[in-house]
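Mind docking these for me? Both chains are given alone in their own frames, and the hints should help you get the complex.
From first to last, the protein sequence lines are chains A and B. Just so we're aligned: the first sequence equals residues 1 to 78 in my numbering. Just so we're aligned: the second sequence equals residues 79 to 287 in my numbering.
Source of the hints: derived by calculation from the structure; they are not laboratory data. Just to be clear, a hint being listed does not mean it is correct.
Below, a list of computed lysine to any residue pairs in the SDA-like style, where the Cα atoms sit at most 20 Å apart [unchecked claim]: (1) LYS84/B with ALA5/A; (2) LYS49/A with PHE123/B; (3) LYS33/A with ILE104/B; (4) LYS33/A with ALA101/B; (5) LYS4/A with GLN86/B; (6) LYS84/B with ILE8/A; (7) LYS49/A with LEU169/B; (8) LYS33/A with TRP170/B; (9) LYS49/A with ASP172/B; (10) LYS3/A with ASP223/B; (11) LYS228/B with THR152/B; (12) LYS49/A with TYR118/B; (13) LYS49/A with ASN166/B; (14) LYS3/A with ARG83/B; (15) LYS4/A with SER82/B; (16) LYS239/B with ASP223/B; (17) LYS33/A with MET119/B; (18) LYS33/A with PHE102/B; (19) LYS84/B with MET13/A; (20) LYS184/B with LEU169/B; (21) LYS33/A with ALA103/B; (22) LYS3/A with SER82/B; (23) LYS84/B with SER12/A; (24) LYS33/A with ASN113/B; (25) LYS4/A with ARG83/B; (26) LYS33/A with SER107/B; (27) LYS33/A with VAL150/B; (28) LYS49/A with MET119/B; (29) LYS49/A with TRP170/B; (30) LYS49/A with GLN131/B; (31) LYS84/B with LEU9/A; (32) LYS84/B with ILE22/A; (33) LYS174/B with GLN131/B.
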Amino acid sequence: MAKKAQAILEFSMVFILVAALILGLLGLWAWSKDNIPARQDAFEDTRIKAGEKATPGYPECDNRTVFEAGTPGEPRML
Amino acid sequence: MLGSRKAQAVIELAILGSLIIMAFAIVISSSENYNRAQSYMQQTFRSTLLKAQEANDTGAVTAVDFRRMPNVTTPVEVGALARFSSGNSVLWSDGKKKDGEFTESKAWFLHHRSRYEFLEAGPPGAIPGASIESSFNYGSGLGSDSTYIKRENSRNINTQKHLEASDNVTDHVVLGSNTVTTGGPLGPGGLYGGEVSGLTRDTVNTVNQ
Chain A
1 MAKKAQAILE FSMVFILVAA LILGLLGLWA WSKDNIPARQ DAFEDTRIKA
51 GEKATPGYPE CDNRTVFEAG TPGEPRML
Chain B
79 MLGSRKAQAV IELAILGSLI IMAFAIVISS SENYNRAQSY MQQTFRSTLL
129 KAQEANDTGA VTAVDFRRMP NVTTPVEVGA LARFSSGNSV LWSDGKKKDG
179 EFTESKAWFL HHRSRYEFLE AGPPGAIPGA SIESSFNYGS GLGSDSTYIK
229 RENSRNINTQ KHLEASDNVT DHVVLGSNTV TTGGPLGPGG LYGGEVSGLT
279 RDTVNTVNQ
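Chain B extracted, bound-state conformation (with noise of 0.2 Å):
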């Protein structure tokens, strides 16, 4: 009779919980998601007013962000992978020619938030923006090794947590007739294509008994 209701007691408690921590996953993956993808979002705009202003003409720019998310089971490893497209195509001319001849519209790609890809015009005279056809494909191979220590004396109670995490991220952007390859390594922060590669987590907790 006891062994049933203990039985029941720790059912219903690992139901809820995982319940719970489902809700604490949902929770977190979306706000993380709308949040980033808003400030991608802004940043683009701006990237784009920046190469407007350059070409006086209509400038369009076009990003693709990728980033693990955090991962709420088990917070030392890498969460799933998320992807961000943000494109903006802004007209800023003063209507005068520039260096002695008309200006053009043009394209960019903006590479990992730090660098600028030159795409060729289509027809002439063609606005970037209106002639781009996107298609996403992408791939990726994670890989993590992980290591957990646990040391225990009189005193206290030590744990240490060890992740090193690698994975390469590829993608194909076709914009209009151009291919444009991105992506890249992972580093910190969970971001992809940066100058360092590779991602270390440590965590260390020492209890009292």
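Extracted from the complex, chain A is given alone in its bound form (with noise of 0.2 Å):
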């Protein structure tokens, strides 16, 4: 009996461990695949301004960068 209630109690308290090591996977996963589409996204919004002649960028000096999406913002989290 006090074996069976130590398996348990060893079990819940790694059990919360785990569990939150596995959330923090998921919601770093989560974060990841999100930034792909909302990079795409702000990729696809700057397309008229990117096809505007004298917009795409100057990448050779060096105050113009290249014309290119921003920073998506904060992806959603679990």
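Structure below.
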């Protein structure tokens, strides 16, 4: 009986830790996979601007960078 | 009896712990890879738009980028070397002569997102994007020097880690009849070919007792 209780106690303690780790892992994956469509959306949104003459960007100059989609917003977390 | 149970628990922890760390490593490195690859492809496409517009004809831009990925098991150290290649060919022309002459299709190689190298055309009239044959060959030699200092007193434990890493990547890219040499030294952020060479990382942690 005491052994069973010990096993249940150990399981419940470890389960909390393992669940936290797995949820963290899923959260990380969700953040990363949400970045891809977010970046694609930002890229599509800037198509017209990039297609206008003189705005695709001038990477050769120091003060003007390649015209690219901006940093995606904060992704949705679990 | 008690000793063997302890040993079993230690083995279980060791196996489960390393499996979880491995899962984190796979998630972090593959997500970084996908995200970087997408970003580089988008940037190269916008660069191709720029060069095609300048050429008033077909413009092709090829880029090869190197960077060090995160190291999950020992975060202060540099991770695996990743290589991203991207390229596009875009026709952007108003059909008119430029400076009194007919335009020609042109191709460039983009070095570490900052400098274009013009590639001499192959057969006259060939679209660069259609005639490019690529073969890649690169070499790298990583050297790193790290120190770890731990100070303990009655109030707290202070740990300091310091890393100085250097690396040089050389890549020969064959594009049609051109061979382009790219790469460069490892710099801040794990990027290659920038103006600053050498990667330095420092961490300081203090835990109160």
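Hints, one by one, checked against the model:
Proximity of LYS84/B to ALA5/A is assessed by CA-CA distance (about 18 Å); at most 20 Å being required, the pair is judged to hold. Only pairs whose Cα atoms come within 20 Å are accepted, and LYS49/A paired with PHE123/B is accepted, the gap being roughly 14 Å. Between LYS33/A and ILE104/B, the direct Cα distance comes to roughly 14 Å. Compliance with the 20 Å bound is thereby established for this hinted pair. Between LYS33/A and ALA101/B the CA atoms are separated by roughly 16 Å; this keeps the pair inside 20 Å, and the hint holds.
A hinted pair counts as satisfied when its Cα atoms are at most 20 Å apart, and LYS4/A with GLN86/B qualifies at roughly 17 Å. Pair hint LYS84/B plus ILE8/A holds up; C-alpha atoms about 17 Å apart against a cutoff of 20 Å. Using a Cα cut-off of 20 Å, the hinted pair LYS49/A and LEU169/B holds, with the two alpha carbons roughly 18 Å apart. At roughly 33 Å between alpha-carbon atoms, LYS33/A and TRP170/B are farther apart than 20 Å, so this suggested pair is violated.
Between LYS49/A and ASP172/B, the direct Cα distance comes to roughly 18 Å. Compliance with the 20 Å bound is thereby established for this hinted pair. Taking the CA atoms of LYS3/A and ASP223/B, the gap is about 50 Å. The hint is violated against a cut of 20 Å. Between LYS228/B and THR152/B the alpha-carbon distance is near 17 Å, which keeps this suggested pair within the 20 Å criterion. The hinted pair formed by LYS49/A and TYR118/B meets the criterion: a straight-line CA distance of about 19 Å does not exceed 20 Å.
With a C-alpha separation of about 19 Å, the suggested pairing of LYS49/A with ASN166/B holds against the 20 Å cut-off. In summary, the hint linking LYS3/A to ARG83/B is supported, as the alpha carbons are separated by about 13 Å, within the 20 Å threshold. For the suggested pair LYS4/A and SER82/B, the alpha carbons sit about 18 Å apart, so the restraint of at most 20 Å is met. Of the supplied pair hints, the one linking LYS239/B and ASP223/B holds, its CA atoms being roughly 11 Å apart against a limit of 20 Å.
For the suggested pair LYS33/A and MET119/B, the alpha carbons sit about 17 Å apart, so the restraint of at most 20 Å is met. Straight-line distance between C-alpha atoms of LYS33/A and PHE102/B comes to about 15 Å, which keeps the hinted pair within the 20 Å bound. Restraint check for LYS84/B and MET13/A: satisfied, since their Cα atoms lie roughly 17 Å apart, inside the 20 Å limit. For a cut-off of 20 Å, the pair hint linking LYS184/B to LEU169/B stands: about 10 Å separates their Cα positions.
Distance check on the hinted pair: LYS33/A and ALA103/B sit about 16 Å apart at the alpha-carbon level, within 20 Å; holds. With a CA separation close to 16 Å, the supplied pair LYS3/A and SER82/B stays within the 20 Å bound. For the given pair, LYS84/B sits about 18 Å from SER12/A by alpha-carbon distance, which is consistent with the 20 Å threshold. Restraint check: the Cα-Cα separation between LYS33/A and ASN113/B comes to about 9 Å, which is no more than 20 Å; the hinted pair holds.
Restraint check for LYS4/A and ARG83/B: satisfied, since their Cα atoms lie roughly 15 Å apart, inside the 20 Å limit. Under the criterion of a C-alpha separation no larger than 20 Å, the hint pairing LYS33/A with SER107/B is consistent with the structure, at around 13 Å. Between LYS33/A and VAL150/B the CA atoms are separated by roughly 19 Å; this keeps the pair inside 20 Å, and the hint holds. Between the alpha carbons of LYS49/A and MET119/B the distance comes to roughly 18 Å, so the proposed pair stays at or under 20 Å and holds.
Pair hint LYS49/A plus TRP170/B holds up; C-alpha atoms about 15 Å apart against a cutoff of 20 Å. Between LYS49/A and GLN131/B the alpha-carbon distance is near 14 Å, which keeps this suggested pair within the 20 Å criterion. The straight-line distance between the Cα atoms of LYS84/B and LEU9/A is roughly 16 Å, inside the 20 Å bound, and the hint therefore holds. With a C-alpha separation of about 25 Å, the suggested pairing of LYS84/B with ILE22/A is violated against the 20 Å cut-off.
Our distance criterion of 20 Å between C-alpha atoms is met by LYS174/B and GLN131/B, whose separation comes to about 12 Å.
Checked against the numbered hints given earlier, this structure breaks hints 8, 10, 32; the rest are met.
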